[in-house]
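> Same order as they appear, the protein sequences are chains A and B.
For the first sequence, position 160 (counting from the first letter as 1) is numbered 160 according to our numbering, and the numbering increases by one without interruption.
For the second sequence, position 57 (counting from the first letter as 1) is numbered 57 according to our numbering, and the numbering increases by one without interruption.
One or more hints might be untrue.
Stated by the list, open to error - Within a straight-line C-alpha distance of at most 30 Å, the following computed DSBU-like cross-link-like pairs (lysine-lysine) qualify:
(1) B:K66 / A:K89
(2) A:K121 / B:K16
(3) A:K31 / A:K162
(4) B:K66 / A:K31
(5) A:K24 / B:K28
(6) B:K28 / A:K126
(7) A:K119 / B:K70
(8) A:K44 / A:K27
(9) A:K35 / A:K87
(10) A:K139 / B:K26
(11) B:K26 / A:K87
(12) A:K119 / A:K24
(13) B:K66 / B:K16
(14) A:K24 / B:K31
(15) A:K87 / A:K162
(16) A:K35 / B:K28
(17) B:K70 / A:K121
(18) A:K109 / A:K87
(19) A:K139 / B:K28
It should be emphasised that the hints constitute simulated quantities derived from the structure, not laboratory data.
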Amino acid sequence: MSCQLTNIPEIGIEKSLSYRYYQKLIKLLQKINGKVLFIRIKLKRMMSPSSTKLLSKSNNFSQIKAGDIVKVKTKKEIQGMLDERGKHKGCSFIGRMYEYCGNNYTVLKEVNYFFDEAKQKMCKCKNIVLLEEVTCSGKQKLFFESCDRSCFYFWHIDWLEKID
Amino acid sequence: MEQMWEYCGSKFIVIKFVNNFFDEHKYKMFKTHSPLYILDGLICNGVVDTFDHRCDHSCYFLWHEKWLEKT
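Bound-form chain A, shown alone:
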């Protein structure tokens, strides 16, 4: 028996032709945007190699376990950790996640492996946790409709503070 995610294309039907073209355009624009950003970062690093952020080892992980209560750090603190792509050690922080800053949540799970739907393969990761009831609203910029899948956000442990 396989995962529902691997069969997800079978449960959907394509949108109208015009919407399909619109989605293709969005995909293309995002690809171009990604490439431009990549070149800009490369150039910036070449010009000033000292500006490259040193990746410090997270020593928070052993302390955060499923069932723990954690506080999401402030917007300012998190923004200070993100790179030009809005990522921290490879983990994206989406704009919608800022609404959870400063609030307390219970850790649902530590993420060690996850099925990457885009790459269609299992990926290993570390220092990532899921928080109870903190799911994606599905609203995306440029898309008219929101996704109803309600996926849990991935939280890097550096964005969290354990509450005793």
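Could you slot chain B onto chain A? The hints should help.
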């Protein structure tokens, strides 16, 4: 999915009606063929035969309306 059998005969609260979903692989928004629902607390434990490791993605199961009965 195999794990979904254990919930048969039990009562759950519908938390969402799935009308549209985003397919990350195809990078497209799709409309569902038929009505699907997400039930409160019913998430995948990640144990799947075809995977080498347990997936921690914790996705909500998608339930077809024909598998459910309103009480």
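> Please go over all the hints and tell whether each is borne out by the structure.
Taking the hints in turn, this is what the structure says about them:
For the given pair, B:K66 sits about 43 Å from A:K89 by alpha-carbon distance, which is inconsistent with the 30 Å threshold. A threshold of 30 Å between alpha carbons decides the hint, and for A:K121 with B:K16 the separation of about 27 Å falls inside it, so the pair holds. For a cut-off of 30 Å, the pair hint linking A:K31 to A:K162 is broken: about 37 Å separates their Cα positions. Distance hint between B:K66 and A:K31 is unfulfilled; the C-alpha atoms sit about 39 Å from each other, more than 30 Å.
Taking the CA atoms of A:K24 and B:K28, the gap is near 8 Å; set against the 30 Å cutoff, the hint holds. Between B:K28 and A:K126 the CA atoms are separated by roughly 28 Å; this keeps the pair inside 30 Å, and the hint holds. Only pairs whose Cα atoms come within 30 Å are accepted, and A:K119 paired with B:K70 is rejected, the gap being roughly 38 Å. Between A:K44 and A:K27 the CA atoms are separated by roughly 26 Å; this keeps the pair inside 30 Å, and the hint holds.
Under the criterion of a C-alpha separation no larger than 30 Å, the hint pairing A:K35 with A:K87 is consistent with the structure, at around 16 Å. Between A:K139 and B:K26 the CA atoms are separated by roughly 18 Å; this keeps the pair inside 30 Å, and the hint holds. Distance hint between B:K26 and A:K87 is fulfilled; the C-alpha atoms sit about 23 Å from each other, no more than 30 Å. Under the criterion of a C-alpha separation no larger than 30 Å, the hint pairing A:K119 with A:K24 is consistent with the structure, at around 18 Å.
Only pairs whose Cα atoms come within 30 Å are accepted, and B:K66 paired with B:K16 is accepted, the gap being roughly 16 Å. For the suggested pair A:K24 and B:K31, the alpha carbons sit about 16 Å apart, so the restraint of at most 30 Å is met. A distance of roughly 21 Å separates the Cα atoms of A:K87 and A:K162; the hinted pair therefore holds under the 30 Å criterion. Under the criterion of a C-alpha separation no larger than 30 Å, the hint pairing A:K35 with B:K28 is consistent with the structure, at around 20 Å.
Among the hinted pairs, B:K70 with A:K121 is inconsistent with the structure: their alpha-carbon atoms are about 37 Å apart, more than 30 Å. With a CA separation close to 21 Å, the supplied pair A:K109 and A:K87 stays within the 30 Å bound. Restraint check for A:K139 and B:K28: satisfied, since their Cα atoms lie roughly 14 Å apart, inside the 30 Å limit.
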